[in-house]
Amino acid sequence: MNDDEWDERLSKAARAYHQPPETPREEIWAGIRARRKRRSVLRPPQVIWWSIGVAALLMIGIGLGRLTVNPQPVNPAPELARAPSRQTAAMAVAAIQHLSRAEALLTGFRAEGKTAGADANFSASARDLLSTTRLLLDSPELTDPQMRGLLEDLELVLVQITQLSAEHGHEEVDLITEGLKQRGLMPRLRSAIPAGSAATSAQGEI
Amino acid sequence: MDDRELIARVLAGEATAERALYDRHVDRVYRLAYRLAGDPDLAMDFTQDTFIRAFDRLASYRGDAAFSTWLTAVATSVALNGLRKLKRFRERETDLEHGDKVASKRSSEPDLKERLSREIDRLPLGYRTVFVMHDVEGYTHEEIGTALGVETGTSKAQLSRARAKLREALADFAGEWKP
Chain S
1 MNDDEWDERL SKAARAYHQP PETPREEIWA GIRARRKRRS VLRPPQVIWW
51 SIGVAALLMI GIGLGRLTVN PQPVNPAPEL ARAPSRQTAA MAVAAIQHLS
101 RAEALLTGFR AEGKTAGADA NFSASARDLL STTRLLLDSP ELTDPQMRGL
151 LEDLELVLVQ ITQLSAEHGH EEVDLITEGL KQRGLMPRLR SAIPAGSAAT
201 SAQGEI
Chain X
1 MDDRELIARV LAGEATAERA LYDRHVDRVY RLAYRLAGDP DLAMDFTQDT
51 FIRAFDRLAS YRGDAAFSTW LTAVATSVAL NGLRKLKRFR ERETDLEHGD
101 KVASKRSSEP DLKERLSREI DRLPLGYRTV FVMHDVEGYT HEEIGTALGV
151 ETGTSKAQLS RARAKLREAL ADFAGEWKP
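Each protein sequence line maps, in turn, to chains S and X.
Residues in the first sequence are numbered consecutively from 1, following our numbering.
Residues in the second sequence are numbered consecutively from 1, following our numbering.
In case anyone wonders, no lab produced these hints; they're calculated from the structure.
Just so you know, not all the hints are guaranteed correct.
[As the list claims (entries may be wrong)] Think about it this way: if two alpha-carbon atoms lie no more than 25 Å apart in a straight line, the pair counts; the simulated DMTMM-like pairs of lysine to aspartate or glutamate are: (1) X:K165 / S:E22; (2) X:K87 / S:D144; (3) S:K12 / X:D172; (4) X:K165 / S:D4; (5) X:K113 / S:E22; (6) X:K156 / S:D119; (7) X:K87 / S:D119; (8) X:K85 / S:D4; (9) S:K181 / S:E141; (10) X:K87 / S:D153; (11) S:K37 / X:D172; (12) X:K165 / X:D39; (13) X:K85 / S:E152; (14) X:K156 / S:D153; (15) X:K165 / X:E137; (16) X:K113 / S:D4.
Bound-form chain X, shown alone (with noise of 0.2 Å):
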């Protein structure tokens, strides 16, 4: 049975095609969630608004692109709406304790891959969110900017820029990835 089925099924009020159709597609969106929030309560949060939404406004797919395109944008968009509130909040807190514990140092982050997930936390959401869709997800350039409702000339972009900026700061790092 395809999508299209499936939601047709769910239209009808089928509840066992509504759970099909989670089943179908959850792993892709948990993943995602995890990947941009780094967090399980925030991962299994988001993951829950998606379908919720997706659910509820199931009607309003028209099918113009494939559900799982559809769902990957609903799935952006409530993380990165989720992300920037607590971004926010985060923010808040910070100011509270002076952000004495801010600074980074070297000598006290040996491990690459650690620096380098550092690093990727501090991008700014727009490019770490191509970033990680691209090149740790594997979504496409048309994936992405039918996501996140941008010219996939834009996507390219944005990856571009996000992996200059990691480039420059790891730079100090560039002798030990020697082959």
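Just chain S, with the same shape it has in the complex (with noise of 0.2 Å):
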């Protein structure tokens, strides 16, 4: 039999695969309803919200303090002081400073190639990253609907990162790095990150 011959057979037999019973609608349908309920009951008014967000920003702010020396004085981003609201601003340079963790992080891993899957720091940092993207997503500061469209595509790839497998790194990386270049994420990161690092210069304001 030759490999043709063979994959007929194969994609035959595997229609018996893990074969679906009839769809549950009503059970999954009152599922929905109730997790949707039960989370709305659950979600902390803004308030908490906005505690959470600045929480993370303070937090992102000490870290890269720590990591970055500059010993000139730092003048405030102009766009910030002209940002429509306090809580806008802050979303803006929380973001910002997340976004370009999240571009060192992804540089770093696409330089490492196929053995970025057997480094466990690529996974703990994603993971890091990954809580505070959740929560941007989750800020209803966040209204500009490229900026939420390029959180979810980082959202999956960060994902993917911290559930690299030691066992199928390689086809895991070849995966993850094709998901980027598809997505076009890294141009979208750099081009949503303003130059001159905005990252470092918002550290003023914190």
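With the hints as a guide, bring the two chains together.
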């Protein structure tokens, strides 16, 4: 039997693989409604989200402060001074700092190539960034659809990096790298980060 | 009423439109979730997660691709993330049980379909996903590429590798498969 015949037979036989039963529509729908209802009851009021956002911002600022040595006095970014509200400005600063870190991680990840899968530091850093990404995504201050799209794509890639396994690391790294390219994530990240590193200038604000 | 109109109504807060959109797409999502998970409870969880996430992010759907394609991308992301978490959990459990029951025996697995099923389960998740989507559920490489965020060439290559692994693993059944 040649490969094509094999594949045809495999494909036919595989149709019995995990044969789905009839969709339990009502049960699934009831679950969706219950979970959404529960979530809306448990969702903290906006002021708590705002506090979480400030806490995350402070953590990012402290982290960057430790990593960055810059003896020059720093001027606040002019864009921030014109920002429409304190919340929106804080969101912009947090997002830019976050994207700078993500860009650094992904640049390193790509540079490591196939060996990146074996490096647990990437997973750990991605996990760290993932929680901030989700925090930003959940924030009501995130109104820019472009930024939301970018953060959603970033979330997907970070999830993949956090779940890299040593066993199939090479294949998964290939898929992640391919996904990065396909979504144009690196150029989008870079264009979202203002020139002159707003991340460092924003520290003056904090 | 097409998907776009339904989506507009959902975004306007019409609850019946949400249910209509769900009814239109739930079978496809559940089938894929079940094929990937092989477990009714997991498939139900993944389907629920998919719709919750999709409704939450419906405003970000730009309409570049068909809604079903966008929803499939959400569904595969939810299912793959869930399966990876589960795999790590099961690996920890297997370590505790010394992995004594892992070895496969040709003699104790006389049924070819059962063996094929087991070999598909053993494929790396990326290969398995493409194989299941293409050969089992009939998705095109373009749809798979969009859902997984990869080029169609990558999808084709993954499918080819998956099939090669299965041919190799099931070589001892070749005689039984002759027409």
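Quick one, are X:K165 and S:E22 close enough, alpha carbons at most 25 Å? 31 Å, violated
Assess, step by step, whether the Cα of X:K85 is no farther than 25 Å from the Cα of S:E152, and give holds or violated. 20 Å, holds
CA of S:K37 to CA of X:D172, is that 25 Å or under? 53 Å, violated
Run the distance test for S:K12 versus X:D172: straight-line Cα separation, threshold 25 Å. Holds. S:K12 to X:D172 sits at ~18 Å (cutoff 25 Å).
Holds or violated: X:K113 to S:E22, with C-alpha atoms at most 25 Å apart: Roughly 21 Å between the alpha carbons, so the hint for X:K113 and S:E22 holds.
Is it true that the CA of S:K181 sits at most 25 Å from the CA of S:E141? Outside the cut-off at roughly 29 Å; violated.
Hinted pair X:K87 and S:D144, Cα distance within 25 Å: Answer violated: X:K87 to S:D144 is near 36 Å, above 25 Å.
Decide if the proposed pair is consistent with the structure: X:K156 and S:D119, CA atoms, cutoff 25 Å inclusive. 28 Å, violated
Holds or violated: are the alpha carbons of X:K156 and S:D153 at most 25 Å from each other? Holds: X:K156 and S:D153 sit about 23 Å apart, inside 25 Å.
Hinted pair, alpha-carbon criterion (25 Å max): X:K113, S:D4. Please report holds or violated. 19 Å, holds
X:K87 and S:D153: Cα distance at most 25 Å? Holds, at roughly 24 Å.
Could you grab the alpha-carbon distance between X:K85 and S:D4 and see if it respects the 25 Å cut-off? 35 Å, violated
Comparing the model with each numbered hint stated earlier shows that hints 1, 2, 6, 8, 9 and 11 do not hold.
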